[in-house]
Structure formats: C-alpha cells, structure tokens
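*Asks:* Construct all of the structure, not just a fragment, from the sequences and the given hints.
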Amino acid sequence: MSLTTFLQQCLTGISLGGAYALIAIGYTMVYGILRLINFAHGDIFMMAGYFMIFAMASFPWFIALPVVLLITTFLGVGIERVAYKPLRSAPRMSVMISAIGVSYLLQNLATYLFTALPKAYPEIPVLKRIFLIGGLSASFVTFFTPVLTVFLVYILIMLIQHTRIGMAMRAVSRDYETASLMGIDINRTISITFAIGSLLAAVGSILYFTDRMTVFPFSGSLPGLKCFVAAVFGGIGSIPGAVVGGFVLGLGETALVAAGYSTFSDAFTFVLLIVILLVRPTGLFGEKITNKV
Amino acid sequence: MDQSFHAMGERRRNIVLSLCLAGLLLACCGYLQANKYEYNYAISIIERSLIYAVVAVSMNLVNGFTGLFSLGQAGFMAIGAYVTAILTIPTANRPSVYYISGIHPWIENLHAPALLALILGGLAAAACAALIGIPVLRLKSDYLAIATLGFAEIIRALIAAPMMDRITNGSYGLKSIPGFSSIFQVLALAACSIGLMVLLINSSYGRMFKAIREDEIAAEAMGINLFRTKELSFVISSFFAGISGGMLAMFMRSIDSKTFQVSLTYDILLIVVIGGIGSVTGSVLGAFLVTAGREILRFFDEPFFLGGVQVPLFRPGFRMVIFSLLLMIVVLFYSKGLMGTNEFSWNSICRFFGRKERKKQEGRVPHDGAK
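So the protein sequences, as listed, match chains U and G. Residues 126 to 418 (the working numbering) make up the first sequence, in order. Residues 588 to 958 (the working numbering) make up the second sequence, in order.
Hints were generated in silico from the structure; no laboratory data involved. Just so we're clear, the structure is a prediction, and the values are computed from it rather than from any experiment. It cannot be assumed that every hint is accurate.
[Unchecked claim] Beyond 12 Å from chain U on every Cβ pair, some chain G residues (computed):
(1) L606
(2) L726
(3) G810
(4) L913
(5) L919
[Said to hold, decoys possible] Lysine-lysine pairs mimicking DSSO-like chemistry, simulated, CA-CA at most 30 Å apart:
(6) K762/G <-> K623/G
(7) K623/G <-> K727/G
(8) K797/G <-> K210/U
(9) K727/G <-> K845/G
(10) K797/G <-> K923/G
(11) K845/G <-> K762/G
(12) K210/U <-> K845/G
(13) K923/G <-> K623/G
(14) K845/G <-> K244/U
(15) K210/U <-> K923/G
[Unchecked claim] To give an idea of the interface, some chain G residues facing chain U are shown, with a C-beta separation under 10 Å as derived from the structure:
(16) V849
(17) L884
(18) L914
(19) M915
Built from N, CA and C at the ideal position, the CB exists for glycine as well.
*Replies:* Below, the structure is given as structure tokens:
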C-alpha cells in the first residue's frame, strides 16, 4: 500500500470517527446522568437526516442547518419528557425497554412517513467541494469533521467545567438524590443534557450523511450501537473518552474495509466491546465503580 | 381436616378443568387440521404464535426469572434455524439451493430427521451461548444487553460472510426446507418445550434464578454460585431459542440472515413485555395476542374509505406505527403487562368469579351491616 493510499484511508477513518464521536457524546452524557442506554439516540440521528432532506427542499442551506439542529433538539427533549420522565422511579429494565420502544417507534414512523426506500441526502455545496493536498483528494467535509468535532468538544468541556448548568450536570451524575436535595432542578438538568446530546447528534448526522449520501429508516440503528460501544470504550460518562472511542472505532472500521474484510467491519465493533469489557470494564477514562450493598 | 378435604376437591376440579380445556383446544386444532385448506390462514397464525411463544418463554426465563437483560435471542434463533435447515434440506434439492457457490463437502450428505435436527440446532445454540456466556455474564445489566445484542449481530455477520457461502449460502439464504405436516407437530413441540421450561422454573433451580433476580448479593450470600446459575439459565434459554429458530425455519420453509435481525429480538421483547415480565402464561398469551393482532391490524395498511373519502392515514406502515405506540403505552402505563408476575391458575379464576357471585348475593340480601 502506498503512502498516499494509507493517508487517504486515515483521513476517511478520522472523518468517520469524528461523526461517531459526536454521536457517542450523546450516549455518554445521558448514561452519565440517567444510567440509561438511550437506544433511541441512533434513531434521533436518523431522524435528523430526514429533517435535513425536507429542510433543504424548502430553504437554502444556511437556513436549513439551524432549523434541523433546532427540530432535532426538540425531538430529543420531547422523547425524554414523554418516554423517560414518567419512569424516573421505575426499575432500570423498564426504562431500557421504554428506550427500545421509542427506537422501534421512530423506525416504524420513519418507514411509514418516508417509506423504507433510501432517500438521497441533499448536497451542501460548501461541504462537498473537493480539495487536493499533495496526492490526497477529499471533500471539504472530510477535513472539516475532525476539526469541528474537536472544537465542539472543547466548548462542551468548558460548558461542563465552568458554568452553573455544567456544575449541576456533574452533581446530578454524581449523586442524583443529593443533587436534588441541594436544590438542583433535576428535570431541567436532564432536559438540557438531552438537548445537548441531540444537538451534537444532529451535527454528527449532517457530517455522516453528507459522506454516505442516502438515508433510510434503519440507517440510525447500527451507527447508534457502534457509538454506544465507542462511549463504553472511552469510559462511559467521560466526554474525552467518547471522542477517543469514536476515533478508534472510525479508524479501525476503515482499516478493516481497506484490508478487504468489509463484512466484518460491523462485527469488529462488538469484538472491541467484549474485549474492553473484559480487560478494563470501566473503559479507558472511566471512574472506578464500587458495589455498595 | 375439612380444609384438606376442600383442597383435594379443588385439586380434582383443577385437573378436570385443565383436561377439559386441553381437550377443547385439541378439538379446535383437529377441526382446523381437518379443514386445512379452508383455514390455511388461521393455521399459519396459530403455528407462528406457538413458535413465538417458545422463544418468548425462553427470553422470559433469562430476562424475567433470572433478571439478566439479554437481547441475543435472534442470534441463537439464527443458529438453531441454520443448523436445522442444513440438516433437513433433502439431499436431492441441495444442488439447486447452493447453485451459486456450491456446497461444502462436509455437509453435502449430512442429513437428519427433523426432530433430531431441531434438537441439534438447539444444542448448537446452547453451546454457542455457553461460550459467549463466560465473558458476557460477568457484565451488569445495560452492558449485558449491549454485549448480547452485539453477539447476535456478530453471528448474523458470520452467517452472511462470503467465507461461509458454501455452508450457509451467504446472503442468498436457504430454501426448500421441509415444513411441518400438521399443526399438531408444532403444538406438541411447543408444548414440550414450554412444559420443560415450566418444570425448570418450578424446580430448585428456578428458585435460584428468582433469588438472583431479586438480589444478587443476597443470593450469593445464601450460597448460590452466581456465575454457574446465570450460565445455566442463559444456556437453557438459548437452547430453546435455538429450537424455536429451527421451528421458524421449518415454518417459513426458507430463511436468510435478514430474518434474524435485531428487530426480531425486539418483537419477542414486545411479546414478553405485553405478557408480563416473569410470567410464562403471560408470554404465551402475549405471543398469540401479538401475532394475531399483527395480522388483524393489517387493515391499517390498506387504504380506508369513510363515506367515499379516503382517510389519509391508512397506508403501508401504519400498522407498525400503531403497534409500536401500543408497546409504548404498555411500557409507560401498564408496566406489569397482562399478567404481571402471576400465572394462570384455575383457583384465581374461580376466586374471581366467586367474588362476583358473593357481591351479587350481598347486594341482594340486606344484612345488618356487621361486615
């Protein structure tokens, strides 16, 4: 393999990893606060793809983008209000089943509204411009994704470390009951967490689908699972961990595809999951959890 | 003395009632079987429900009784289905099934009768579960769910992989699998499988499962070997999932790796949740309700005219939306499902009617309010 091909593959992998990282942050934040795998997160990401198709049909791209981000955020917060909030005190299995139910509903709803056939994803001219650097050729989105990911993650970490709402989030994720005793509005904090997660999923969706070109009702389920694995890999609850996990997954998958094992690129994710859970169950940057009786 | 006499009477009554019910059901099935061309549709719904009932009870064994949130059912069904299919496809038909990439010499002349093939399919699924269980069952609830889901996907990827083309026929799937000749075969298989699982649940092992579900640490303190018991429950559940997968293959006559997607696991989860997590009769009822309901709700998918105007909502896909809404409503408002953790018993039914009867009498006869 020549150096150019190698670099080209690396670029693809990093770009895919950036999109994964943005989605994985949503998982890790929700899990950190609610101890819930938000199975619907991948489908929120898929719905954002459809929103973009319809927004682009009626607006120019610079209006369509904020509209899509806003609608997706509302969708995420709405799902939390309807499907998870009533189950705050229910056993964890019920909440998880509810999350699976929402995922099932969103997929079926998308099949019903938009049919099961893949729909073409609109091209945003700015993102699709081809750049040539040395022997490498890639569209703008490929270069832009990792940069944007790192930038957004920086802002997010600043938000969590240095603002009141960030402090509230950390408190709620540390100890739910004590936080509420301290006068933190739990429901508001959780809503904001979902809003941030969905917003980042929408950004990730735009970057991901611009590369993939089509959206169909199940295009969110597998990336969703993979991003959860990325979050686990990095240590659930840790945002830098989710980012690292996303990039590792993106690079690993691209490497497998490049080596000719594309059928196993999905299986790779789960093998990685099993390995990390066996070797280091708390992930790369996770905190140690002790069992309390 | 009086009490024990009463209990004996009750038991005799229960046996008589159960026999009557079983006889009635058998008679119904016999009637359907006798006129099988007329009731083809009903028979296929009942057969599918029975197959789903087996896998739902097997999922309930792990999720409801042992408290392990496993989502690998579709993967184990796939193993059972492929083993059964490979062993039962008539040798004469094999060249036409494997016409694309040829058949592997190992399995070319391997053939087994259907029952043996089903059991082997179940054993293959169980063996796979035993291997998977060693690393996975150490995980806690959500991680376990994701890991088992991941394993189901890995199994599916392996089945569809080009390296397996000469065994599983890759993405083209397997066809001309011999089917069931009558509804009684399905009924007998399902009844045996569910019966065995009920025996297990009522045995001391079943009590160990429930102890783990209620409190792992307390169970361990009572001397239960956590890992071994979990593994046992997981392996047995996978065995029956494999058997039901084999039955599904025989029922559908043709399978491919897309049959066993995650959505199949979700369908079964839906059955378990609607029936009640931790209730065998609930799962069986749920299987019939969900399978039949899905067929009956088919009119949602067809254009619907009200007074000559087409109602705009009714078009393909609407049925599944209604269905998933139903699941959400059950999860949010009736988290216990149909049966909760209760089982069907004649005593509770008699008590239910008895209470009504008594209420009626109380209403009629005015009494002095001392009650």
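*Asks:* All the hints need checking, so say for each whether the structure fits it.
*Replies:* Comparing the hints with the structure gives:
no., hint, verdict
1, L606, "holds, 37 Å"
2, L726, "violated, 6 Å"
3, G810, "holds, 17 Å"
4, L913, "violated, 10 Å"
5, L919, "violated, 6 Å"
6, K762/G <-> K623/G, "holds, 23 Å"
7, K623/G <-> K727/G, "violated, 48 Å"
8, K797/G <-> K210/U, "holds, 29 Å"
9, K727/G <-> K845/G, "holds, 29 Å"
10, K797/G <-> K923/G, "holds, 17 Å"
11, K845/G <-> K762/G, "holds, 14 Å"
12, K210/U <-> K845/G, "violated, 34 Å"
13, K923/G <-> K623/G, "violated, 37 Å"
14, K845/G <-> K244/U, "holds, 21 Å"
15, K210/U <-> K923/G, "holds, 18 Å"
16, V849, "holds, 7 Å"
17, L884, "violated, 12 Å"
18, L914, "holds, 5 Å"
19, M915, "holds, 5 Å"
Violation of the numbered hints given earlier is confined to hints 2, 4, 5, 7, 12, 13, 17; the remaining hints are satisfied by the structure.
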